[in-house]
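Chains as they are written, first to last, in the numbering used here: chain S, 1 to 212; chain P, 1001 to 1212.
Think of the hints as simulated: they come from the structure by calculation, not from any bench.
Just so you know, even glycine gets a beta-carbon here, dropped at the ideal spot from N, CA and C.
Do not rely on the hints blindly, as some may be mistaken.
Below, simulated EDC-like cross-link-like pairs (lysine to aspartate or glutamate); rule was C-alpha separation at most 20 Å, straight line [what the hints assert, rightly or not]: (1) LYS1050(P) <-> ASP172(S); (2) LYS1149(P) <-> GLU86(S); (3) LYS149(S) <-> ASP1106(P); (4) LYS197(S) <-> ASP181(S).
Interface residues of chain S toward chain P, partial, derived using beta-carbon atoms under 8 Å [said to hold, decoys possible]: (5) PRO40; (6) LEU55; (7) THR68; (8) PRO151.
Computed spacing ranges between beta-carbons, pair by pair [as the list claims (entries may be wrong)]: (9) LYS1058(P) <-> GLN103(S): 56 to 62 Å; (10) ASP132(S) <-> ASP1016(P): 38 to 44 Å; (11) GLU8(S) <-> ASN1200(P): 55 to 61 Å; (12) SER180(S) <-> SER1168(P): 29 to 35 Å.
2 protein chains.
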Amino acid sequence: MTTKIPLELSAREKNDLIAKTNKQLFQSHGLRVYNLISSPGAGKTTLLEKLADLLKEKFAVIVGDLATTRDADRIKAHGSQAVQIETGGGCHLNAEMVQKAFQKLDTTNLKLLIIENVGNLVCPAAYELGEDEKIAMLSLPEGDDKPAKYPSLFLRANLVLISKTDLSPVMDFNLERAKSDCLKLNAHVRIIEISTKAGNNIDTLVRYLMGK
Amino acid sequence: MTTKIPLELSAREKNDLIAKTNKQLFQSHGLRVYNLISSPGAGKTTLLEKLADLLKEKFAVIVGDLATTRDADRIKAHGSQAVQIETGGGCHLNAEMVQKAFQKLDTTNLKLLIIENVGNLVCPAAYELGEDEKIAMLSLPEGDDKPAKYPSLFLRANLVLISKTDLSPVMDFNLERAKSDCLKLNAHVRIIEISTKAGNNIDTLVRYLMGK
């Protein structure tokens, strides 16, 4: 499945056309698809390892990094499929990269696909990949001021995960301030506080992701 | 002081031309200038508050954010000059933004200028601003795999600050792995481990920054 692209379109418009094809493709396979965006080190891959433990062949990941295949290797070790995209310096995934990577997945038992974007709070937010929803992840060590300082992501995210909540005893993070800043940007956002390490609210998150 | 830009240049080439003018401008004022780059929440602004406490009118900051003037306000409250650049969604500073911001600084007693880039490990690394050196900052909660996963920054940085070392008792961060990955990318890099909260190695850093 490929998309015919008129020559006169801008890069962003081309991307959005391919994203639309991706969305149809995902729907034709009965998949729920999320675009997971955060800073480097917020805990995306650790969470995805946990989801792989729980969901195995129902779950797959397409993961983007500037370099290395470490993240895909980590997820495969937990029993789910994972396809690595190395962007070679690119600061975000685009719909074409995702379309190519998706062709490498066996969709037989697949229900849930998470696209782990390049660790970056800015650029990934601007590119549609064909996902159902964007998920923004913010870890306690990053600070409660980030939703206000990086609005482009937080106003587009349907779900905000506040992660590493096990660190709250040693962190100066004002949860109410972070939540209220998220809600100012998007009154309909869902916010779930999780700790992958302690296992907190992972069950709530799985129900959300599976659409239950 | 402005730079004449031939029309046929690419955006990157234009930037590099303006960066060269900036460098001459900084040198004519006898300034040491650093471009500080990290993920959101690695502790850049908290460190700059500490430097403002110590250096007062000898020190100034030009700080870039997508939105808000919180960072500049924080630094001014500690006794140094600070000029905020709001990029309006842009994922990195460029040399022209810095040139305009620099005109707002009183350089009479100034010795040290730090440009706090937008929190992003990818895009800021590719744009020269006229600085003497790039500083990469990596906090313990982000994980020891980041130098290998974000090589574009770490191979260009002259100095790597490993920050929030006070969190080492609760973090699974392999310091030797992080350092060895940095040295593989740049054999001449200087690495300083700091904790702004505990005050560790701030004196070493100040000596480095002042060129002593």
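Going down the list of hints, with the structure as the test:
1. In summary, the hint linking LYS1050(P) to ASP172(S) is supported, as the alpha carbons are separated by about 17 Å, within the 20 Å threshold.
2. For the proposed pair LYS1149(P) and GLU86(S), the alpha carbon gap of about 10 Å is at most 20 Å, so the pair holds.
3. About 27 Å separates the Cα atoms of LYS149(S) and ASP1106(P), which puts this hinted pair outside 20 Å; it is violated.
4. Restraint check for LYS197(S) and ASP181(S): not satisfied, since their Cα atoms lie roughly 26 Å apart, outside the 20 Å limit.
5. Because the beta carbon of PRO40(S) sits about 5 Å from the nearest beta carbon in chain P, less than 8 Å, this interface hint is met.
6. Hint status for LEU55(S): violated, given a least beta-carbon distance of 24 Å to chain P, over 8 Å.
7. Evaluation of the THR68(S) hint against chain P yields a held restraint, the C-beta minimum of about 5 Å falling below 8 Å.
8. Annotation: interface hint on PRO151(S) holds; nearest CB of chain P at approximately 5 Å, less than 8 Å.
9. At roughly 58 Å, the beta carbons of LYS1058(P) and GLN103(S) sit within the given window of 56 to 62 Å.
10. The hint said 38 to 44 Å for the Cβ distance between ASP132(S) and ASP1016(P), and at roughly 41 Å that hint holds.
11. About 57 Å separates the C-beta atoms of GLU8(S) and ASN1200(P), a value consistent with the hinted range of 55 to 61 Å.
12. Between SER180(S) and SER1168(P) the C-beta distance comes to about 32 Å, which sits within the given range of 29 to 35 Å.
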